[in-house]
Amino acid sequence: MRAAFAVCAAVAVAFLALPVVALFSRISPATLLAQLGEPAARDALVVSLKTNAIAQTLVLGIGTPAAHVLATRRFRGRDLVLTLVELPLVLPPAVAGVGLLAAFGRMGLLSTSVAFTQTAVVLAVAYVAAPFYIRTAVAAFEAVDATIVDAARTLGARPWRVFARVALPLAAGGLGAGAVLAFARGLGEFGATIMFAGSLQGVTQTLPLAIYAQFGRDFEVALALGALLAAFSFALLLAVKWLRFTSTPVFPFASSSSA
Amino acid sequence: MKLVALTVLAAAHLNVFGAASLAEVLPRFDGTARYQFGGSDQLAFQVRGGAPADLFLAASPKYPQDLYEQHRCSKPVTFATNTVVLVVPRANPARIRSVYDLRRDGIKLVVGAKGVPIGDYTRRLLANLGLTAVLSNVVSEEDDVKLVVAKVALGEADAAFVYRTDVKAVGNRVLRLAIPASAQPTVAYRACVPTASKQKPAARAYLRRLLGPTGRARLRDAGFGLP
Numbered sequence: 000m001r002a003a004f005a006v007c008a009a010v011a012v013a014f015l016a017l018p019v020v021a022l023f024s025r026i027s028p029a030t031l032l033a034q035l036g037e038p039a040a041r042d043a044l045v046v047s048l049k050t051n052a053i054a055q056t057l058v059l060g061i062g063t064p065a066a067h068v069l070a071t072r073r074f075r076g077r078d079l080v081l082t083l084v085e086l087p088l089v090l091p092p093a094v095a096g097v098g099l100l101a102a103f104g105r106m107g108l109l110s111t112s113v114a115f116t117q118t119a120v121v122l123a124v125a126y127v128a129a130p131f132y133i134r135t136a137v138a139a140f141e142a143v144d145a146t147i148v149d150a151a152r153t154l155g156a157r158p159w160r161v162f163a164r165v166a167l168p169l170a171a172g173g174l175g176a177g178a179v180l181a182f183a184r185g186l187g188e189f190g191a192t193i194m195f196a197g198s199l200q201g202v203t204q205t206l207p208l209a210i211y212a213q214f215g216r217d218f219e220v221a222l223a224l225g226a227l228l229a230a231f232s233f234a235l236l237l238a239v240k241w242l243r244f245t246s247t248p249v250f251p252f253a254s255s256s257s258a
Numbered sequence: 000m001k002l003v004a005l006t007v008l009a010a011a012h013l014n015v016f017g018a019a020s021l022a023e024v025l026p027r028f029d030g031t032a033r034y035q036f037g038g039s040d041q042l043a044f045q046v047r048g049g050a051p052a053d054l055f056l057a058a059s060p061k062y063p064q065d066l067y068e069q070h071r072c073s074k075p076v077t078f079a080t081n082t083v084v085l086v087v088p089r090a091n092p093a094r095i096r097s098v099y100d101l102r103r104d105g106i107k108l109v110v111g112a113k114g115v116p117i118g119d120y121t122r123r124l125l126a127n128l129g130l131t132a133v134l135s136n137v138v139s140e141e142d143d144v145k146l147v148v149a150k151v152a153l154g155e156a157d158a159a160f161v162y163r164t165d166v167k168a169v170g171n172r173v174l175r176l177a178i179p180a181s182a183q184p185t186v187a188y189r190a191c192v193p194t195a196s197k198q199k200p201a202a203r204a205y206l207r208r209l210l211g212p213t214g215r216a217r218l219r220d221a222g223f224g225l226p
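For the record, the sequence lines run as chains A and B. Going by numbering that gives the first Met the number 0, 134 is the number at position 135 of the first sequence; the sequence numbering is gapless. Going by numbering that gives the first Met the number 0, 148 is the number at position 149 of the second sequence; the sequence numbering is gapless.
The reader is advised that the hints may include incorrect statements.
[To be verified] Quick list of simulated restraints, FRET-style, between CB atoms:
| # | chain 1 | residue 1 | chain 2 | residue 2 | range |
| --- | --- | --- | --- | --- | --- |
| 1 | A | 78 | B | 224 | 51 to 61 Å |
| 2 | A | 45 | B | 113 | 11 to 21 Å |
| 3 | A | 164 | B | 35 | 53 to 63 Å |
| 4 | B | 224 | A | 76 | 57 to 67 Å |
| 5 | A | 79 | B | 35 | 37 to 47 Å |
| 6 | B | 29 | A | 102 | 32 to 42 Å |
| 7 | B | 177 | A | 217 | 33 to 43 Å |
[Claimed, not checked] Below, a list of computed lysine to aspartate or glutamate pairs in the EDC-like style, where the Cα atoms sit at most 20 Å apart:
| # | chain 1 | residue 1 | chain 2 | residue 2 |
| --- | --- | --- | --- | --- |
| 8 | B | 167 | B | 220 |
| 9 | B | 199 | B | 29 |
| 10 | B | 113 | A | 42 |
| 11 | A | 49 | A | 37 |
| 12 | B | 113 | B | 65 |
| 13 | B | 113 | A | 219 |
| 14 | B | 113 | A | 37 |
| 15 | B | 113 | A | 217 |
| 16 | B | 61 | A | 217 |
| 17 | B | 167 | B | 23 |
| 18 | B | 61 | B | 119 |
| 19 | B | 199 | B | 68 |
Everything labelled a hint here was simulated from the structure, so no lab data went into it. Remember, predicted model here, so these are calculated numbers, not experimental data. The C-beta atom is built at its ideal place from N, Cα and C for all residues, glycine as well.
Just chain A, with the same shape it has in the complex (with noise of 0.2 Å):
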């Protein structure tokens, strides 16, 4: 039997792997960095990494007390807000993207002019990575050992002094993972955002979009974007590892609850 699965996971990660292997066996470290100097390259590096760059502090910033807020209170329909948050997770990006035109377009709910624009990749980008960070933080606020909070609590810190210096550093681990696991995955955002801003390049033109507008046109330079781009997210989801490991609870009479 023992033979039997490690065969499986020798296919299993060999499948896997194959087509990232391919992706650099195609192409040479020399031609890979001239590609990536070509203007559409470039241009598509600077979009991807303004836009995300945008997109993560939005997440981060307003992501952070809401995971707060849905880790420690309970109220009714709290399952329901936490599924609605966590839809766009399953929700294939092109309905992402017909949802964020019928909300956002010009003939959408809120009817604004935004389609077509940076903003409309930030928002993109915002939507499809904000449940990757908010799950993962709702996780690691619960996991913070209440008592730990209430004993900071009866001794007298304010909420906002129980927050940023109680439960902020025991959950950091876990809000860390969260934030790579979402900049990876917005990185990564395709169809959402070329139904939503479409594909201009300087403008709305991100990596994935690149790569898909230059797959028909100039492969190599399809070639040398994706091969940065599995480069970068495998780092990334190295880092999320390095992250959980090291997220062991700071202090020691936290141990038993540790997440």
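For chain A, the structure is supplied; the task is to place chain B on it using the hints.
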């Protein structure tokens, strides 16, 4: 025995790769073929990559010609023509009355990407009009003409350049504005049979029918011009 039956079944369908602008007319002309519609450049790329296409119907002479010169398809034949038009949403939020209004700042113009037939025709048309400056109002470059027309039909874009035949498909959601005939680029649709096709006789028969009275009638009904 089973294997034979499967082969026969697989052979029953002709795989037709068609320009996005043919997406309405071709299934009406022949509902038995299996269609893949998209930008002609993307389809040509797939044919070169070995996609199982039995017939390639492009919105530009360029891509069939390239494949022909690479010995990847038969000699291309022209089967239809088209014209480029300017469309705006029915409500016309930017109050565009002619192609010259596109010069105004802040207009949201959607065009086909470079290399996509409609994108190349649009750029040629604007060059003919001396209006290439309006390209600074472009907010999105799409990968095929259906994606372009959808942005205007949804009311999200103020204006777009598409084919005359695309307007019929979105009905009354858009208004069509005329473009000076002298500025029109030549829009010719060409077809070829990929060398890798395993159903060349059936593909040739499809093409013959498309070039014949039935095909011509269908194309004309859909608003295409005939060679």
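Query raised in the report: Regarding the pair residue 61 of chain B and residue 217 of chain A, is the alpha-carbon distance no greater than 20 Å?
Result: 17 Å, holds
Query raised in the report: Taken at face value, is the distance from the CA of residue 23 of chain B to the CA of residue 167 of chain B at most 20 Å?
Result: 10 Å, holds
Query raised in the report: Falls inside 32 to 42 Å, the C-beta gap from residue 29 of chain B to residue 102 of chain A?
Result: Given a distance of about 40 Å, which is inside 32 to 42 Å, the answer is holds.
Query raised in the report: Under the criterion that the straight-line Cα-Cα distance not exceed 20 Å, is the pair residue 61 of chain B, residue 119 of chain B satisfied?
Result: 11 Å, holds
Query raised in the report: Are residue 199 of chain B and residue 68 of chain B close enough, with their CA atoms no more than 20 Å apart?
Result: 19 Å, holds
Report task. Please work out if residue 199 of chain B and residue 29 of chain B have their alpha carbons no farther apart than 20 Å. Result -> 17 Å, holds
Report task. Given the hint of 33 to 43 Å, check if residue 177 of chain B and residue 217 of chain A actually sit that far apart at their C-beta atoms. Result -> 36 Å, holds
Report task. Just tell me: holds or violated, for the beta carbon distance of residue 45 of chain A and residue 113 of chain B against 11 to 21 Å? Result -> About 20 Å separates the Cβ atoms of residue 45 of chain A and residue 113 of chain B, which means 11 to 21 Å holds.
Query raised in the report: Are residue 167 of chain B and residue 220 of chain B close enough, with their CA atoms no more than 20 Å apart?
Result: Since the Cα atoms of residue 167 of chain B and residue 220 of chain B sit roughly 10 Å apart, the hinted pair holds (cutoff 20 Å).
Query raised in the report: Range hint 37 to 47 Å: satisfied by the CB atoms of residue 79 of chain A and residue 35 of chain B?
Result: About 41 Å separates the Cβ atoms of residue 79 of chain A and residue 35 of chain B, which means 37 to 47 Å holds.
Query raised in the report: Is residue 113 of chain B within 20 Å of residue 42 of chain A, Cα to Cα?
Result: 16 Å, holds
Query raised in the report: Quick one: are residue 164 of chain A and residue 35 of chain B within 53 to 63 Å, going by C-beta?
Result: 60 Å, holds
Comparing the model with each earlier hint shows no violations; every hint is respected.
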